[in-house]
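**Student:** Chain by chain, the residues:
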Amino acid sequence: MLAITPPEALAPATGRLAVEGLSVAYRGVPVLTDVTWSAPLSGLTAIVGPNGAGKSTLIKAILGLVPSTGRVTIGGQSVAAMRDATAYVPQRATVDWDFPATALDVVLQGMVREPGWFRGYGRARRERALALLDRVGLADLAGRQIGQMSGGQQQRVFLARGLARNAAILFLDEPLAGVDAASERIILDVFDALDRDGRLVVCVHHDLGTVSERFADVLVLNKTVIAAGPVPEAFTPQNLARAYGVPLTV
Amino acid sequence: MDAVLAQLFAVVTFQAGFNTTVVMLGAAALGCAAGAAGTFAMLRRRALVSDAVAHGTLPGIAAAFLLAALLGRAPREAGWLMGGAGIAALVSLLAIEWLGRRPRVGHDTATAAVLAAGFGLGLALMSVVQTLAIGRQAGLESLLFGSAAGMLPGEAQMMAGLALLVLVVIALLLKEFSAVAFDPDFAATVGLPVARLDALVALVCAVVVVAALPIAGFVLAVALVVIPPAAARFWSDRAGTVVAIAAAIGSVSAFAGAALSAVLKDTPTGPAIVLVAALLFTLSLVFGRARGLLRSAA
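For the protein sequence lines, the chains are A and B, in the order given.
Each step along the first sequence adds one to the number in this note's numbering, with nothing skipped, and position 165 is 165.
Each step along the second sequence adds one to the number in this note's numbering, with nothing skipped, and position 110 is 110.
This is chain B alone, in the form it adopts within the complex (with noise of 0.2 Å):
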C-alpha cells in the first residue's frame, strides 16, 4: 500500500517519467476542453449527440482496422484508427444534424437513430476484424477502453493542442453560446446565426470525444463531456462560471484518473477518469453551493 502510495505521489508530481508526465498534462488539457465544451451541450440539451458520435466512432475505427489489414499496414498505428474514427464521427454528425432537420424526425430521435445504427455498424464490422487472425489487436484496445500507458507523447501532444483550440473557441464565442442556448428563437431574430453556432457546439465535442478515445476509450469519452458540465451546475447560477468549473472538474478527472491508471497496473484509464468524474458529480451533487442538496434543505 505505501507502495501504491509512493508511485501515486510521484505520478502526481511528475516525477514518474517524460512519457507519463506528458500523457497526464494532455489528459488535464481534453478534460478541461471537454467539460467547457460538453457544458453548452448541456444547455442546449443536447448532451446525447456526444455519445452519438462517439458510439458512431466504433464502425470508423473497426473499418480503419480492416483498410489497414488488407493494405498490409500496422493497424496499430494510432493514425489509421484515429483517423477513422474522426471520419466516422464527422459522418455521425451530419447524418444527425440532416436527420434532425426533417420535420418528421426531431432532433433526439436522430440523435437516438444515429447512435444505435453507428454502433450496430461498428459491432457487425468488430465482429469480422475478430474472425481474422490479424496478430494482436492493442491499438484497437486502447481506443475501445482507454490507456493512458499505451500513449504516445505525439499523441498526448495533439490532444493538448485540441483540447487548446476548443477552449480558445468556447473563450472566443461565450456570449454567442449563452444567448443560442438559453433562447433560439431570440437569438435568430438578433441575426445570430443559429445553425451554424449549434453545429460548432456539435463540432467541438466531437472533436473532443475522438480526441479522448485513446486516452478513454468510446464508451466512456463521454462522460467527460457529460458528467463534468453536470457537476460544474450545482455550483453556480452563471453560464460563464459554470463554464469555467467544468473545465476544472474535467481536469481533474482526467489528471486523476490517468495518473491512477498509470499506478494500478490492471486498471484501465477510461474507467479510472468517469470514476473520479463520478465522486466529483457525487460531491457536487450534495455540497454544490448554488443548488446542492445540502443548499435546497437549508
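Just chain A, with the same shape it has in the complex (with noise of 0.2 Å):
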C-alpha cells in the first residue's frame, strides 16, 4: 500500500533553512532566546529538550505563527515570501476534533489555496486527497468524521494534510506522541520516502531513546541552542546533560 507512487510532484529546490538570533518571549518571559541553527538541506531533524525548553515554539516562530525578534530565511529569503515551500504539521490537540468534517475535508484543507478564491476543490483535488490518505493507510476512513477516529489515525490525516501541500521542508510537532505501533510504522515509513525525495523533515520529538535510529541530524534545544549537528555528533550525554540539567544515558 505504502509503495504507491507519491501523488505529489518532487519539490523544488528551495535552500538552506537559517535562524538568525530568533528570541520569543510570551507577557515578558522568554521562551526562546537567541537562536541561531542552520538546518541540514534535506533529511530527517530532531528537535529534543526538556518540557518547556521552546520546541514547539520554535517551529511557531520559523512558520510566523508566533511574534519574534531575529531573522528566519529559506534560501535567503524571508519564509512569507518561502510560504509554500512549508508544510505544518500541529500537534493533534490543538484543534477540535468534533469539527463537523470528514478525513477527506480535512486533507483537502491541505490545498486551501489552491484553485483560487471563490472556487470548489474539483475532482482532481478531491482524488490527490484520496491518494493521499491512501498512502498514509486511511483510504477506507476518507468518508469519516474526524472525531470518530483512534489517536494515530488523526495524526495520519494531520500528516497527509501537510503532504498535501507538496512542499520541500515539513514540521511536525510531536507526530509519533501516542500513537499506536501501526500508526508510528506508517508515519516513518512517509518519512523515509520524504527523506529520499530529497525533503527536509523537522520533527519535535520526546523519545530521546530512538533518536539514533530515526534521524540523521538533531537539534538540542533548552530555551537556546545547547548543540546541533549530524545525531553521532551532537546528540552526545554532555549535550544532553547540559540541555536537560541531570545526566543521562541514551
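Because the hints were derived from the structure by calculation, they are not lab data.
C-beta: ideal position from N, C-alpha, C; glycine also.
A hint or two may mislead.
Claimed, not checked - Here chain B is said to cover these stretches of chain A; the calculated rule only asks that three of the stretch's residues, wherever they fall, bring their Cβ under 8 Å from a Cβ of chain B:
hint, region
1, 53-66
2, 83-96
3, 108-115
As the list claims (entries may be wrong) - With beta-carbon atoms standing in for the labels, derived distance ranges:
hint, chain 1, residue 1, chain 2, residue 2, range
4, A, ARG185, B, LEU164, 47 to 55 Å
5, B, LEU294, A, SER23, 54 to 62 Å
6, A, GLU20, B, LEU285, 50 to 58 Å
7, A, GLY75, B, PRO193, 19 to 27 Å
8, A, THR33, B, GLY191, 23 to 31 Å
9, B, ARG289, A, GLY116, 31 to 39 Å
10, A, SER23, B, ALA171, 38 to 46 Å
11, A, GLY75, B, ALA171, 35 to 43 Å
To be verified - Chain B residues, not near chain A, derived (Cβ > 10 Å throughout):
hint, residue
12, LEU5
13, GLY100
14, ASP108
15, THR109
16, ALA110
17, LEU132
18, ALA199
19, LEU264
Both chains are sitting in their own frames, so use the hints and assemble them into the complex.
**Tutor:** Quick look at the structure:
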C-alpha cells in the first residue's frame, strides 16, 4: 500500500533553512533566546529538549505563528515569501476533533489556496487527497468524521494534510506522541520516503531513546541552542546533560 | 380556533395581503442568512460575539432616537434607528476585535466586557428616552421586541437584500471559512488571511443581527444566529451540509414565527421566531441523524 508512487511531484530545491538570533517572549517571559541554527538541506532532523524548552515555539516562530525577533530565511528569502516551501503538521491536541469534517475534508484543507478564491476544490484535488489518505493507510476511512478515529489515525490525517502542501520542508510537532504501533510504522515510512525525495523533515521528538535510529540530524534545545548537527556529533550525553540539567544515558 | 387556523393558512400561502407576504419572505431570507453565517461563528467558537453586537445596538438605537427628537425629526422613521443600530454594532465589533487582540485581555473577556458595557450604556440612554415625553415610542418598541406587523415593504426588501448578500459571501468563501474555523494556525501557515476572514465572519453576523432587529428585536435577534447552527450540527458531520441545514432551519423558524405573530395578534414576532427555532432545536437534539440522542443511544 505504501509503495504507491507519491501523488505529488518532487519538491523544487528551495535552499537552506536558516535561523539567526531568534528570540520569543510570552508576556515578557523569554521562551527562546538568541536561537541561531542552520538546518541541513534535507533529511530527517529531530528537535529535542526538556518540557518548556521552546521546541513547539521554535517551529511556530519559524512559521510566523508567534511574534519573534531575529531572522528566519529559506534560501535567503523570508519565510513569508517562501510559504509554499513549508508545511506544518501541528500537535493533535490543538484542534477540536468534534468539528463537522471528514478525513478527506481535512486533507483538502492542505490545498485550500490552490483553486484560488471563490472556487471549490474540484475533482482532481479530491482524488489527490484520496491518494494521500491511501498513502497513510486511511483510504477506507476517507468519509469518516474525524472525531471517530483513533489518535494514531488522526495524526495520519494531519500528516496527509501536510503532504498535500507538497512542500520542501515539513515541520511536525510531536507526530509520534501517543500513536499506536501501526500508525508509527506508517508515519516513519512516510518520513523515509520524504527523505529519499530530498525533502527536509523537522520533527519535535520526545523519545530520546529512538533519536539515533530514526533521525540523521538533531537540534538539542533548551531556550537556546545547546547543540546541533549530525546525531553522532551533537546527540552526546554531555549535550543532553546540559539541556536537561541531569546526566542522561542514551 | 378554526378562524385562527384559516388565517394561518392564508398567511403561509401568501393570501394575507402584499405587505404580510413581503415581510414573511424577507424574514425567511434573513433566517436563511442568519443560519448560514452563524454556523461559522459557532464552529470558530465565537457565537457570543453576535450577542454582544446585538446588545451593543441598544445605545445606538437610543442615541439615534434622542438625536432625531433633538433635531425635531420623526424618530419613528426606521432609517434613523437602524442607522444608529448599525453604527453601534460596528463600534462594538471593532471594540471586541481591538480589545481581544490585547495579550492580557483575550477574546472571550473582550466580548463579555463589550456586551455588558454596551447594554449598560443602552439602558442608561433608554431611561433618558423614557423621561422625555416624546409621544408614542412605537418605532423604538418594534426594534426592541420585534414586530412583523409594523414593518414596511421597503424594510422587508432591505432585509432580504442583506440576506442575499450574506449568502453569496458565504457560498464564495466556504472552503476558506471552514479551514480557518477548524485550524486557524494551519490556515495561517498556508497563507490565508486568518484575521481578516475572522473579521468578515463577525461582520457578516453583525449585519444579520442588525437586519433582524425590526423583526426579532435586539435581545432575540441573536437567537437566529445561534440556534439554527446548533440544531443543524445534530444532522450532519460535514461543514457544508451543516451550513445548508442551518440556513433551512433559520429560514423555516423566521417564516413560521412571522406567520404565527401575524395571526396571533398579541404575539410579538421575536419571541414567536425564537420559540419555533427552539422547537426545531429540540427535535434535532432528539432525532438528529449524525449526533441526536436517539442515534447515540442506538
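**Student:** All hints, please: hold or fail.
**Tutor:** To see whether the hints hold, each was checked on the structure:
1. With 4 residues having a beta carbon nearer than 8 Å to a beta carbon of chain B, the region 53-66 of chain A meets the requirement of three or more and the stated coverage holds.
2. Counting residues of the region 83-96 of chain A whose CB lies closer than 8 Å to any CB of chain B gives 9, so the stated coverage by that chain holds, three being the minimum.
3. With 6 residues having a Cβ less than 8 Å from any Cβ of chain B, the region 108-115 of chain A passes the three-residue criterion, so the hint holds.
4. As the Cβ distance of ARG185 of chain A to LEU164 of chain B is approximately 52 Å, the hint placing it in 47 to 55 Å holds.
5. One distance hint, 54 to 62 Å for the beta-carbon pair LEU294 of chain B and SER23 of chain A, holds here, with the actual separation near 55 Å.
6. With their beta carbons about 55 Å apart, GLU20 of chain A and LEU285 of chain B fall inside the hinted range of 50 to 58 Å.
7. For GLY75 of chain A and PRO193 of chain B, the Cβ-Cβ distance of about 24 Å falls inside the hinted range of 19 to 27 Å, so the restraint holds.
8. As the Cβ distance of THR33 of chain A to GLY191 of chain B is approximately 29 Å, the hint placing it in 23 to 31 Å holds.
9. With their beta carbons about 34 Å apart, ARG289 of chain B and GLY116 of chain A fall inside the hinted range of 31 to 39 Å.
10. Between SER23 of chain A and ALA171 of chain B the beta carbons are some 44 Å apart, a value that agrees with the proposed interval 38 to 46 Å.
11. One distance hint, 35 to 43 Å for the beta-carbon pair GLY75 of chain A and ALA171 of chain B, holds here, with the actual separation near 39 Å.
12. With a minimum CB-CB distance of about 38 Å to chain A, LEU5 of chain B clears the 10 Å threshold, and the non-interface call stands.
13. Listed as a non-interface residue, GLY100 of chain B keeps its Cβ farther than 10 Å from every Cβ of chain A; the least gap is roughly 16 Å.
14. Residue placement check: ASP108 of chain B keeps its beta carbon more than 10 Å from all beta carbons of chain A (closest about 15 Å).
15. The claim that THR109 of chain B lies off the interface holds: its Cβ sits roughly 15 Å from the closest Cβ of chain A, which is beyond the 10 Å cut-off.
16. Here ALA110 of chain B stays apart from chain A, with its beta-carbon at least about 17 Å from theirs, past the 10 Å limit.
17. No Cβ of chain A approaches the Cβ of LEU132 of chain B within 10 Å, the least distance being about 48 Å, so the stated non-interface status holds.
18. Residue placement check: ALA199 of chain B keeps its beta carbon more than 10 Å from all beta carbons of chain A (closest about 16 Å).
19. Every CB of chain A is more than 10 Å from the CB of LEU264 of chain B (nearest about 36 Å), matching its label as outside the interface.
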